[in-house]
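K.L.:
Whenever a hint applies, use it, and build me the whole structure from the sequences.
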Amino acid sequence: VESDDYFCAPSAWGKETGIVGGIGNDLFAPDRTINREEMVTFLYRYAKYAKADTSASKALTGFTDGDQVTGFAQPAMKWAVASGIIGGSNGKINPKGTATRGEVAAVVTRYCKLRGK
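For the sequence shown, position 69 (counting from the first letter as 1) is numbered 86 according to my numbering, and the numbering increases by one without interruption.
Hints in this document: simulated from the structure, not taken from any laboratory.
Beta carbons: idealized from backbone N, C-alpha and C, even for Gly.
Some clues are possibly wrong.
Unchecked claim - Using 25 angstroms as the maximum straight-line C-alpha spacing, the simulated PhoX-like pairs for lysine-lysine come out as follows:
(1) K68 - K134
(2) K32 - K109
(3) K95 - K68
(4) K65 - K95
(5) K134 - K95
(6) K75 - K65
(7) K32 - K65
(8) K113 - K65
(9) K32 - K113
(10) K130 - K65
To be verified - Ranges of calculated distance between the beta carbons of each label pair, as one might list FRET restraints:
(11) K130 - S20: 25 to 31 angstroms
(12) L44 - G105: 26 to 32 angstroms
(13) K130 - F24: 26 to 32 angstroms
(14) C25 - N107: 36 to 42 angstroms
P.N.:
Below is the structure:
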């Protein structure tokens, strides 16, 4: 991330707060698409930062692809499913699928309603 990039300050804040961490090897990859498990993980980390209750957890065994959720995203996905922030479709949670703008909007709206906002 370059200092004159429009996303420099938000990216730095996200890293400082622990909400975002990049893709490894000190890389951020700002132009890479985000997948569903990454989206939920960012929201989960934000919820923790905001001191929201993140204790809800539900096993992902009800989804045929629940075992495909990466280790780092497990707590976030379990919280999001238990909280009703994210659901599946046709028995799948699709953790590696690209998050569409509509999905992001729905997830953020559900989170805000959960928080009473």
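K.L.:
Please write out, lowest number first, the hints stated earlier that are contradicted by the structure.
P.N.:
When the structure is compared with the hints, numbers 2, 11 turn out to be violated.
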